Structures are given as C-alpha cells and as structure tokens.
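Q: Spelled out, the chains give:
Number of protein chains: 6
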Amino acid sequence: MNDEKIREKTQKTAQKLFGKGAKIKPPYLLWKDFDRDLANDFSMFITGNLYSRSVLTLPERQMVACAVLAAIRAGDELRLHVNAALNVGCDRRKLAETFFQVATYAGMPAVNEALDVYRDVLKQRGEWPIK
Amino acid sequence: MNDEKIREKTQKTAQKLFGKGAKIKPPYLLWKDFDRDLANDFSMFITGNLYSRSVLTLPERQMVACAVLAAIRAGDELRLHVNAALNVGCDRRKLAETFFQVATYAGMPAVNEALDVYRDVLKQRGEWPIK
Amino acid sequence: MNDEKIREKTQKTAQKLFGKGAKIKPPYLLWKDFDRDLANDFSMFITGNLYSRSVLTLPERQMVACAVLAAIRAGDELRLHVNAALNVGCDRRKLAETFFQVATYAGMPAVNEALDVYRDVLKQRGEWPIK
Amino acid sequence: MNDEKIREKTQKTAQKLFGKGAKIKPPYLLWKDFDRDLANDFSMFITGNLYSRSVLTLPERQMVACAVLAAIRAGDELRLHVNAALNVGCDRRKLAETFFQVATYAGMPAVNEALDVYRDVLKQRGEWPIK
Amino acid sequence: MNDEKIREKTQKTAQKLFGKGAKIKPPYLLWKDFDRDLANDFSMFITGNLYSRSVLTLPERQMVACAVLAAIRAGDELRLHVNAALNVGCDRRKLAETFFQVATYAGMPAVNEALDVYRDVLKQRGEWPIK
Amino acid sequence: MNDEKIREKTQKTAQKLFGKGAKIKPPYLLWKDFDRDLANDFSMFITGNLYSRSVLTLPERQMVACAVLAAIRAGDELRLHVNAALNVGCDRRKLAETFFQVATYAGMPAVNEALDVYRDVLKQRGEWPIK
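So the protein lines, in turn, are chains A, B, C, D, E and F. Residue numbering for the first sequence follows our numbering, starting at -8 and increasing by one per position. Residue numbering for the second sequence follows our numbering, starting at -8 and increasing by one per position. Residue numbering for the third sequence follows our numbering, starting at -8 and increasing by one per position. Residue numbering for the fourth sequence follows our numbering, starting at -8 and increasing by one per position. Residue numbering for the fifth sequence follows our numbering, starting at -8 and increasing by one per position. Residue numbering for the sixth sequence follows our numbering, starting at -8 and increasing by one per position.
Derived from the structure by calculation, the hints contain no laboratory data. Hints may be right or wrong, so weigh each one.
Which copy is meant is left open, because identical chains are indistinguishable; a pair holds if it fits in one copy or across any two.
The calculated lysine-lysine pairs, modelled on DSS-like cross-linking and capped at a C-alpha distance of 27 Å, are [stated by the list, open to error]:
#, residue 1, residue 2
1, LYS85, LYS14
2, LYS(-4), LYS122
3, LYS3, LYS122
4, LYS23, LYS85
5, LYS(-4), LYS114
6, LYS114, LYS0
7, LYS(-4), LYS16
8, LYS0, LYS11
9, LYS14, LYS0
If you're wondering where the values come from, they're calculated on a predicted model, not measured in any experiment.
Taking the hints into account, I'd like the entire structure generated from these sequences.
A: In structure tokens form, the structure reads like this:
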C-alpha cells in the first residue's frame, strides 16, 4: 500500500477511535514533540496499518487492547483505549466482564485498576452508570 | 446458585474447553495434589462460575484469555488456553491477528512466544497450516 | 461450607482486615458498581474463603500480600493491604525489612514504591515514625 | 561489619540455605564466571548482609522469597529458593498455601508455575507427597 | 576496597548523578527513614560500588538505567535516572531514540510513559525543547 | 523513504545483526508462517526503519536491546539479540557489566537468566571464556 493511502487510512481510523468522548491527549503528539518522522512512522504503522486491517473489526481490536492493557496495568494507556472502545461501539457490559475475567490471569490489582479507569471514563462521557 | 448446580456447570464448561485437542495436563490436577478442597474451590469459582457466565460467550472469553496470556508471556498457560480456544471454535485467523496486535502493547517478545506456542498447538492438533 | 456461613466469615475477616486505620475505598464497592453478583462472588471467594483459612494466620497472609504487591509494584493495592497488615498486628519492623528484601528479587523501584506507600500509611494512622 | 566477618556470615548462611536438598547450581558460580569481584560483592551483600540479618528469621525470609518469586514467575530462581525454604525448615503446608494465595495478586499462571516447581523440588528431595 | 574509600566514592558518584537539575527526593532518604544501616548498605553497594565501576562510564550506565526503567514502566524511578542521565552528559537525542526503541521489546505504553517523564524533566531543567 | 529502499535497508541491517554466530531461528520466519504481509510489515518497520536509523549506532542499539530484554526476562528474545550484539561488535565486558547492573532495577532473577543466556551464546560462538 502506498504512502498516500496509508496516511488516509491512518486519519480515518484515528478519527473513529479517538475522535470523541473523554478528552485524552493522543500519544502521537508526544512522539511528535521528540521526532516528527518517528511519530509519523509509528502512527502509520500502528493506526494506518495494524488497526485498519479487517481480520479483526475495530470493536474486536479494542476488546483485545483493553484486556491486555488491564492485565499489564497500563492505566494511562487503558484510559485512551477504553474511550476508543466505547467510541467504536464496544458493548459496555462485555467490557466490564472482560476486566473481571482478567483476574484469572493477572490477579485483582489489574482488575481494580481497570475498573477504576473504566468507571472514570464512563463518567467523563456522561454514560455512567451502565444501563 | 447451589453447590450441586455449580459442580455440574464446572464439568460441562471444562469439557467444552479442555475436553479434546492437544494433550495438556489440567492445572486442576496440580492443585489437587496439594489441597483437594482448594482445588475444588478454585475450579468451581473459575470454571463453574466465571467461565460459565453468559455475558461473554466461551469463544469471546478464550480470545480474552489468549490475548492476555500472550501479553504477560505465560507460555504454558497460553498453551492450555489456545487449545481451549480452538476447541470452542475461535476463528484461527482472528487468533493469529490478536497475537500480532499484542505487539502494540507488550512488544515483540510477547508476540513471538505466543505465535510459537500457537503454531505448536495447531501442529499437535493436526490443523497446521491454517487454511 | 454453605452460603450463609461464608457470608458470615467474609464480613468477619473483612472487618479484621479493613475495618480501621487509613481511609481506603474497598475494591468491593468498585466491583459492585459494575456487577453486584460478581462482586459478591469475588468477595466470598477471596475474603470469605481464601483469607479465612487457618493454614496461614491473618498476619502471615498479610506479610505475603505485602511482599508480593511490593514486588509487582501495585501501589494502590499495596496501600490497602499494608493498612490491613497493620490492622491485624503485623510487626512494623518485619514489614519494613520485607520491603527491603524485595530488592533482591525485583530491584529498587519496587522497594522505593513500597516504602513510600508504607510510610504514607503509617503517617495516616498516626503511627510514624516506627518506635 | 568488617570484611572478614561478612565472609564468614556469607558462608554460614549460604550453607544453611543452599547446602543440601535438590541439586541446583548456585547463581554465585555463574556470576564468578564473568567477574570474580562482582560475584563476591553480590554474594556478600545479599547472603552475607541482607540474608544474615535477624529482623526476619531465615524461614520468614524464605517465605517472602518464595511468595515473590512465584508472583513474578521466576521459575528457575524459585526452584533455588523453594529448596532453601525447605532446608531452613519452612512449613510445607504453609508454603503451598502461600502459592495458592498468590492467585489473588498475580493470577493463576503464577500459582501453576509455582506449584509445579514446588512439587518437583519435593520429589527431588524424596519428600513427596506432603504428609 | 575499605569502608572509608567506598563512602568517598559513594558521595562523589551520587553528586555527579543526583547533584543538580530537577528537584527529586533521593531514595536514600526514604531508606534512611526506616533503617539507617540498611540505607547506608544499599547506598554503598549501588552507588559506591556498582555505579562507580569503570567498565561502563557513567553516561553508559545511565543509558542502561533509562532504557530498563522505561521498559518496566517504573515512572518515578525513571524520573530520577533521566535527570541523572542529563546531569552526566547523556546525549539528549540518543536518549529519546532509546525510548522509542523500547517499543520493540515492551510496547507503546512503556514508550509513552517514558517520553512523558523525559519531556517533563527537560522542562523542569529549562532544556525544552531539545535543540 | 520508498518501499524499495526500505527493503534494501532491512536486508542489510538484518544481515549485520543476524547473519552469523549462534544458530537462532529468526522471528521473521515465524511471522511469515502466519501472515506473509504482516511479517514483511513488521520486518520493514523494526529492522528496515527503527534499526537502520543512525541516531543510535547498531552496537548502541544492541546494548539497549540486551539491557531491556534482560530486565523483562525475555530469555529467548535475549538469545537472539545477544548474538546480534556480538555480531555488531559490542564490547563483551561492557555487555556482562550491563547485565549485572540490571540487578538494581529488576532484581537477581533477571541478572541470572541474562548471564546464563549470555554464557551459552558465547560458548556456541566459540568465544568462551571472555579474554
């Protein structure tokens, strides 16, 4: 796929994932602050390529992202991806259930941090409590 | 839910997950070797309760399990759960794609270990290569 | 053990562990915010069953909890469990020594985060410095 | 404490911890293969100083070591320290119970790897099953 | 090396690493709050011995420290060591590049946390943006 | 940079890093077994782009890789990168020293696993002991 097309996909997918909801600074801006080229390279690889592939749908990808970020307790990153999951229509209850299930593989600290971030993001979006 | 019903669910769900495919010793036997009561408690809580809930389907749960175990690089546990994922009908290509996506959150060591386990389990099941 | 008895044990043990000292929101309330049934299941399994067993005394269990949470750098969870450790009478100096020993297995970041949380909890309880 | 005394303590403590049971290559030999001075420095700091302090008894220290190494899934290191725990008289059932408790903070992969190592070491020592 | 000489080296090296730049509480003070002897032991072992060895130069050691702390996402510890890296003259761009490279082994959460800490420390030092 | 040039850089850099020494299966072949396109994308991004940048030299990059992989205890991945480090001329003693230094941030399990892999690779290359 040529550069022009990837740039287009990147923006489209980024918009779907990060375009609304809770106000969270996109990591892309942080990368750009250090190295404009690398920032674009990472952005096009992750969002323009990986995230735009169709083998998994965007909601499926976001469920994976949230489960993993919960398990490794990357709270700040999880915040960004929970918001993205909600933006692309992930089922609210399935997401909560996923966090509870993480207990089996990573213990309660991971569950507690994830649910705490999740509840906070839902509140910021005015979608709390889950109906 | 009373004890009798949970025991029944536990066996049913365990059978669906672990009943065929690659030959892998169930952790339950290891727990039982140390403490019969605790083994049953853990088994009924994890498999009889969490895994038997319907908020997430068994295939959905297994995708979560595999993504997380790949990210935290728990290779032995992943082996068990990849086999279970295949037993309950997870899509083979979506599973591979999930492992590649883990790169974004946990780096390449996690991806490489996961794909290595996955390929090995598929071979053991006579399902390699993925068609 | 029947449900009624487990509920009783859960409350008794929870009271001993979390009933006083530093004001920390119990994770149980966070779980309940998402799923009342799961919250009770987790609570009864962890606190009503595991934590109420006599193979390890409550102080012994809390020493384990603190050592592990320090090593995996789960600061928020550690705060809850350090306070619980002090509530059930863990020796203050042995607890500090445990955190220093964690250096051997998990390095200095783990030690520093743990001691920082520990000192803060002791201050909140009006028990600083350790006599 | 002067160098002569530390050397003496190091050997005494090392003997108590690692002097019998399952045959496991001491890490000290690995360090020495690369840098004799650093090997001695590490040995005297960890075994001669930390491990020889009396704030925690040797059995208490080994319980901490085992809990932490189980939680971070450092299987090879755990093997060494489980054997040491048994050498200094740790209660066999309390040790098993500790591994089960780790589930709460680090999930089942940690528990399964730890119990697997523990059972294996007990077998090597001719102490299986636990009476 | 005798005690007197180690004490001297410790102070000299500590001054080079932590003597200026962003205001960050040295962990040594936290250790001392709990156990004066252990604090000195750790300080002399880490800073007086390991950090004062010449096999790696101080800038080389700091690059290692920063890469590792970024990968294990120990943000507070990284803050201290990034500041130290800049104090001993590490190349600003090479440090940023190192953080980006960590993506390959530990994923984006590690990169994002590290760059965020790095940018913040550079701002505190009045050295932002990197020229 | 256009596709043709990246492919060229990828092969050149891959050859320098992985072209000789211990026989280790390149992860690229594992990725290719699952998805040819993704394999190439990852390869060109990691090796063709990141690894071919000049901000850090190849030896500097490999020192970072080894330090990080040691700290997160990714033994298999470390094997590949230690061999690559030696291929691009990293100083043998500085590499050993780096592994010892990892103790400060990640504890002894990380050091022991890393030195064990390092010694093994040096033996496979006929470069043991280090002169």
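Q: Hints first: check each against the structure and report whether it holds.
A: The hints, checked one at a time:
| no. | hint | verdict |
| --- | --- | --- |
| 1 | LYS85 <-> LYS14 | within (23 Å within a copy, 31 Å between copies) |
| 2 | LYS(-4) <-> LYS122 | neither (40 Å within a copy, 29 Å between copies) |
| 3 | LYS3 <-> LYS122 | neither (30 Å within a copy, 31 Å between copies) |
| 4 | LYS23 <-> LYS85 | between (34 Å within a copy, 16 Å between copies) |
| 5 | LYS(-4) <-> LYS114 | neither (36 Å within a copy, 37 Å between copies) |
| 6 | LYS114 <-> LYS0 | neither (30 Å within a copy, 34 Å between copies) |
| 7 | LYS(-4) <-> LYS16 | within (25 Å within a copy, 34 Å between copies) |
| 8 | LYS0 <-> LYS11 | within (18 Å within a copy, 39 Å between copies) |
| 9 | LYS14 <-> LYS0 | within (22 Å within a copy, 39 Å between copies) |
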